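A.B. asks: The primary structure of each chain is shown beneath.
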Amino acid sequence: MPEMDATGRNPQIQETVDRYRSGSITRRDLLRSLIAATGSYTAAHLFLESSGLAATLISQTESAAANVTAETVRYPSGNAQVEGYLVKPKSPGPHPAVLVIHENRGLNEHIRDVARRFAAEGFVALGPDLLSRAGGTAQMKSEQAATEVIGRLPLYGVIDDLKAGVGFLEKHPDVDSKRVCSVGFCWGGWRSFTLATAVPQLYRAVVFYGSSPPSGYENIQAPVLAHYAQWDYQITGNALWTADRMKQAGKKYQYYVYPESEHAFFNDTGNRHNPAAAKLAWTRTLEFLRS
Amino acid sequence: MSSLRLRVGFIAVAMTVTGGALLLQAAPATDGTALKGNIQSASGQSLEGVAVSAREDGKTYTTSVFTDEQGAYSFPALEKGRYRVWAQTVGFQTARAEVNLEGDPALRHDFKLQTLADFSKQLTGTEWFASLPEDTAENRRMKLIFRDNCTGCHTPNFVLQNRFDQAGWRKIIDVMETVGIYGDPPRADRAPVPLVREFKDELAAYLGKVRGPGPSPMKWNPFPRPRGEAAQAVITEYDYTSSSNPSEYVTSDGSDWMEGPPSAYEARGVHDVEVDSNGFVWIADSQANPVRTVARLDPRTGEIKNFKLPGDYGMAKRSHGIVIDPKGIAWFNADGGLGKIDTKTEKMEWFNPPKDMTRAAGTLDVDPVGGGICISTDAGALKFDPATDKFTEFKSKSRGVTGRTYGVATDADGNCWWAQMNYDKLGVGNFRTGEITEVALQPVSGLDDRITERDRSLYKFIGSDWNSATPWQQAPRRLGGDKNGNVWVALWWGNALAKIDIRSHKATYYRYPGPGFPGVYDTAIDRNGMVWMNLMNADTAARFDPKTEKWTEFPLPSHGMESRFIAVDNHKDPVEVWVPSWRTHKVARIQFRTQEQLRAQSEPRP
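Chains as they are written, first to last, in our numbering: chain A, 1 to 291; chain B, 292 to 897.
Read the hints as simulated data drawn from the structure, not as lab findings. It is possible that part of the hints are untrue.
Unchecked claim - Only part of the chain A face toward chain B is listed, based on derived beta-carbon distances under 8 Å:
(1) 39
(2) 40
(3) 211
(4) 214
(5) 231
(6) 233
(7) 234
(8) 235
(9) 237
(10) 240
(11) 241
(12) 254
(13) 255
Only a predicted model underlies this, so the values are computations on that prediction, with no experimental measurement involved. Built from N, CA and C at the ideal position, the CB exists for glycine as well.
Whenever a hint applies, use it, and build me the whole structure from the sequences.
C.D. replies: Encoded structure:
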């Protein structure tokens with residue numbers, strides 16, 4: 001967490017936020033400044049979540065710029081309530097929908113931004129906070145705490161929360177219930193793929209640099225698209241095995257390996273962002289989801 | 292008279308053990324007992340190169356020697372006490388005795404060794420590997436796949452000592468492909484090691500054949516026993532306390548070869564060691580524990596003293612590598628930062644790299660020119676300047692953090708070198724100018740007959756990681772710089788040593804000359820320019836003479852050691868060599884006796 005002065009404020013951060021609020025710097029400038037001020041990518045994102053700036057100031061500003069509407073929603077999953085970031089096009093529905101599954105840092109401004117970008121492209125996008133059962137990403141005290149909590153989440157309990165998210169979207173009046181998709185990043189990539197094994201009616205599943213489920217391929221109905229980084233040995237190296245399993249099961253699987261890119265190349269708030277690869281992967285993703 | 296004078300002259304330089312320490316001393320060695328004897332087979336044949344070990348009751352160190360060509364062994368003077376003594380060599384049962392050393396100048400104890408029909412568990416990892424069949428093209432191919440996927444994290448004998456059917460091996464590989472290197476439980480969402488996953492069906496069938504319930508095609512050919520210079524060494528192995536209980540030592544420690552290589556379950560953590568100018572040995576502990584970040588061993592008594600930098604949740608910060616600078620400051624990595632302890636005052640400090648820099652990883656060296664500390668990171672290396680407490684980052688030119696640097700070394704010009712084991716490059720950072728260059732190693736060749744077209748396409752797509760690799764991977768693991776303008780690189784998968792000229796960057800390769808897969812892990816250069824290596828799979832220290840290009844191997848008296856480092860004590864004359872053993876949780880010191888010293892110890896005392 002950022003260092004505060006005697007009044008509990010960090011003047012450097014306050015000034016940066018004020019400049020963003022006034023429109024003199026962009027969202028990416030804001031993120032860069034916060035990462036420098038807090039010392040890390042995760043700390044900057046946690047600060048935005050815990051301070052509420054991500055869900056309020058940035059969400060309002062960026063949603064207005066993208067001509068979309070954004071809100072925080074809750075949906076039931078078993079005996080719990082899962083909080084999520086719901087973004088919709090302003091045009092009337094029904095729209096196709098995307099469940100945007102976060103990395104192993106919780107629901108943060110990067111995922112909120114991706115959700116807004118999907119909405120700007122005509123999708124209803126829901127970014128569930130899969131730390132909801134542990135109090136929510138905004139309640140995490142530190143990077144380490146967030147990582148540890150995520151590590152302890154039950155693997156298939158999270159899949160249940162995602163299934164409930166699909167159900168929420170299917171029932172949403174602005175959603176075309178036959179075109180609910182999932183897109184997951186890193187930790188969320190495995191969950192996007194695994195969701196396809198658990199929800200036969202899923203329309204499309206996209207994996208950004210995530211691992212593949214060990215089994216269940218015969219249950220998949222949705223075509224799966226995967227984006228891998230060339231320099232992401234353990235994840236990318238399993239693409240051949242995955243392609244073989246999907247082929248044996250008679251399923252559709254298309255993957256791309258992006259040259260000279262690293263894990264998390266799509267994340268424009270991280271230091272491994274590869275703009276060219278990210279742009280191409282985004283174009284391919286939109287084409288795939290619309291196909 | 293002249294004969295007596297000559298003998299006294301030899302005694303004047305004889306080594307004696309005093310509280311575990313072998314010391315050159317001027318006084319006649321009348322304060323200890325020279326334990327000696329002969330070793331024969333049951334049929335009366337003298338046995339050369341048999342390891343004989345002696346351990347005094349209540350002590351935490353073991354002294355070992357080897358028999359000469361006549362089957363005679365001779366310990367340096369041992370202090371008064373009750374000792375357990377055992378003799379062992381491959382193919383014979385371990386023979387044991389208890390002796391009382393009452394302070395007599397000499398005591399003789401002979402052993403007769405009984406043959407052992409199944410001696411496979413006594414073999415080292417490299418002997419196990421050499422015993423795998425190569426009679427068919429497919430057996431040669433699978434042997435290579437086994438080597439490149441199953442012997443990166445542990446030695447071949449640890450894997451092969453047990454037998455399972457194909458289904459059993461398959462279940463083991465299912466775990467191995469996703470288990471973390473420190474034994475973290477497998478998770479369904481963790482991507483398996485890709486080459487292991489691709490080959491696991493074939494590996495399970497192969498292992499079920501060579502180490503299954505039925506007849507095995509393996510042919511055991513034990514390597515020659517130590518002789519000559521190697522058999523003259525004196526090795527003292529010091530027990531390391533358990534980190535969970537400072538008064539507890541491991542029991543399964545590789546000292547009885549008949550038991551096979553031990554599990555690491557009891558304890559582990561002895562990773563790197565360095566010796567200070569007072570003879571204390573400083574140990575970096577790589578296992579998560581609540582009591583120590585580093586420890587100090589007193590070789591005179593075997594005492595271990597723990598030093599802790601507090602970490603999270605009451606644990607100690609965890610280290611891995613350690614180095615001592617000329618001022619007597621020991622530097623070690625600790626939880627992503629740099630730890631420091633003054634070896635004289637025992638004052639500790641911890642330095643955290645700035646948040647915009649990559650965290651410190653597990654290996655270090657001292658710049659002999661400017662005094663800076665070179666520290667590995669996933670992305671390359673850090674320089675720490677002790678004069679200003681300032682860090683400077685040196686990032687690998689290619690592939691960002693995916694290089695995952697392992698070893699580092701500084702050279703005679705003050706450059707920091709780092710080994711990018713998974714893509715065969717060495718980064719070089721000039722500590723004065725900040726310039727970064729790279730040296731690429733040539734791929735291993737000559738294995739085409741063991742690679743199918745499908746294998747080749749898999750290898751090309753998947754590539755290599757540290758512990759699962761393509762056959763053409765050299766895998767620069769750890770390295771050391773000499774005073775003559777070279778760095779010496781241990782090539783793990785390449786089974787070789789590379790000399791790289793620090794100015795021209797020309798690389799010269801010296802392939803390990805023997806059979807098997809010894810596991811060339813680390814290098815250390817002594818003050819005479821000799822290059823020392825720990826051969827992890829062979830439980831052996833090896834010396835390479837750059838002038839003659841001759842390798843000399845010094846087998847150690849424990850098996851299954853899994854050493855990951857080698858250190859030279861250049862304060863001593865002759866130099867002494869230290870080999871920490873991670874799996875057997877000990878630290879071994881090798882001291883060298885000349886023929887004359889050995890003869891003096893073998894002769895009757897005046």
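A.B. asks: Hint by hint, say whether it matches the structure.
C.D. replies: Verification of the hints:
no.: 1; hint: 39; in the structure: 3 Å, holds
no.: 2; hint: 40; in the structure: 6 Å, holds
no.: 3; hint: 211; in the structure: 4 Å, holds
no.: 4; hint: 214; in the structure: 5 Å, holds
no.: 5; hint: 231; in the structure: 4 Å, holds
no.: 6; hint: 233; in the structure: 5 Å, holds
no.: 7; hint: 234; in the structure: 4 Å, holds
no.: 8; hint: 235; in the structure: 5 Å, holds
no.: 9; hint: 237; in the structure: 3 Å, holds
no.: 10; hint: 240; in the structure: 6 Å, holds
no.: 11; hint: 241; in the structure: 6 Å, holds
no.: 12; hint: 254; in the structure: 16 Å, violated
no.: 13; hint: 255; in the structure: 11 Å, violated
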